[in-house]
Amino acid sequence: MALSEIESLAAREVGLIFQAVRSFLKKSSISHKYKDALWKTFISLSPSPGKLSRGNFTLLLPRLSYQACGGEGEFVSKISAAWYLFYLAADMMDSIQDQENRDEGSIISVAEGLNLASGFFFIANALLTEVLKTKNDFPALYDVIGAFHTRLLEMCDGQQQDLCAKELSLEGYLDMLRKKSGAFFSLACYIGARMACGRPDWWKRFSDFGSHLGVVIQILDDLEDWYKLQELQNNAQSVLPKMDWYKNLPAVYALEVLPSKERRDFRRAIDKVGKETSAVSDYIGWVNRSGAALFILALIGREVGYAKEALSEEALVAQPKEDLIRILELLVGKLGACSNDPTQRAQ
Amino acid sequence: MTLAQVVYQLSTDSEFAARMRTDPEGALAEKGLQLSNEEKAFLAYGLRRSLHADGSPVSIQEVASLYLGWR
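Chains as they are written, first to last, in this note's numbering: chain A, 1 to 347; chain B, 1 to 71.
Hint data in this document are derived by calculation from the structure and do not stem from the laboratory.
A couple of the hints might just be wrong.
[Stated by the list, open to error] Result set (BS3-like, lysine-lysine): computed pairs, CA atoms no more than 27 Å apart in a straight line:
id, chain 1, residue 1, chain 2, residue 2
1, A, 308, A, 321
2, A, 261, A, 247
3, A, 228, A, 247
4, A, 308, B, 40
5, A, 51, A, 40
6, A, 204, B, 40
7, A, 26, A, 135
8, A, 51, A, 35
9, B, 31, A, 261
[To be verified] Sample of chain B residues at the chain A side, in silico, Cβ under 8 Å:
id, residue
10, 8
11, 19
12, 35
13, 57
14, 63
Don't be surprised by glycine CBs; every beta carbon is placed ideally from N, CA and C.
Generate coordinates for the entire structure from the input sequences, incorporating the hints supplied.
Here you go:
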């Protein structure tokens with residue numbers, strides 16, 4: 001499917017999600033003031049249908065997974081809306097937690113942010129309850145609602161690991177990525193597959209696809225800070241990015257592989273970097289000399305390869321399956337576009 | 001994680017890197033490392049993309065800039 005067609009499908013999905021949230025708020029008994037605050041926050045955090053990024057295409061994951069598994073009729077947009085609201089709530093909490101750790105941000109905005117995020121959590125749950133009232137496939141819906149709870153709890157588990165550890169081993173860090181974004185995007189694909197069919201082997205395939213896609217997204221998230229470091233080197237006026245100098249994938253990799261003496265020196269460089277701008281070059285040098293670029297590229301190749309392998313089932317409906325893979329490829333761009341699918345080469 | 005150890009050796013030990021090109025099994029065995037066929041393929045996938053045309057390695061900032069704009 002052409003990029004413009006994916007864009008147009010995603011814009012339609014955004015419209016349906018907006019409609020589900022707007023309808024819920026319209027009939028809700030909460031005050032107009034809280035409704036306004038929730039809606040304004042929802043709009044400010046959401047993409048506009050005419051201006052979507054490649055990351056926004058992931059809003060299609062539940063619907064396309066449903067269609068790829070042969071789901072009949074329209075996918076229930078309230079389920080996609082619930083998933084998206086949980087995403088917004090988690091994202092807000094994440095921002096608040098980051099700000100608290102780094103900026104000692106305003107108490108009022110933190111408190112209000114927590115309350116608005118809680119509102120999103122409960123609207124998402126209410127939308128799922130509404131689906132229970134209107135749909136007859138109770139076993140599927142119970143599984144879907146159960147999956148929301150278990151996967152979101154898993155996400156909190158990952159977040160707790162992230163918040164409580166100053167450092168993580170490479171395995172520990174990758175496990176944390178799987179629990180955070182992995183569990184969340186796995187949920188998106190699982191709910192679509194579960195609503196569409198009664199095949200546990202397919203549910204697992206879609207869960208796995210979403211999990212690998214989620215890890216890719218988390219890696220791209222980590223890389224954004226590294227781009228900012230590049231800007232800092234090119235332009236002395238740039239501000240030092242607010243990044244966790246110990247816990248980002250390239251640094252975690254370097255800490256894992258460097259021999260003990262070099263690791264100690266690297267730790268010293270990390271401890272200086274937050275305090276002296278001049279120490280940034282040293283920090284970057286350590287990471288690059290360790291081969292982090294190659295490791296990240298191999299890791300992205302691995303996650304993309306496993307994601308594609310998860311959907312390598314011929315009985316799936318071809319077009320939506322191809323669209324799911326296209327969304328993955330659009331995320332990783334030319335580098336990850338797997339005409340050279342590594343899993344195929346391995347066989 | 002063995003893949004990480006192999007990447008580190010490739011990036012810091014030119015003799016090992018040269019031997020990996022001609023005799024990967026021997027090079028890995030000498031270092032006491034083992035990769036599955038899948039891991040070898042992922043490594044090859046990364047290697048194809050991790051070098052400039054002149055053979056110099058790309059930096060992590062360059063990798064980051066390639067993926068920019070997804071959000």
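| task | Return the numbers of the hints above that this structure violates; sort them in rising order. | result | 11, 12
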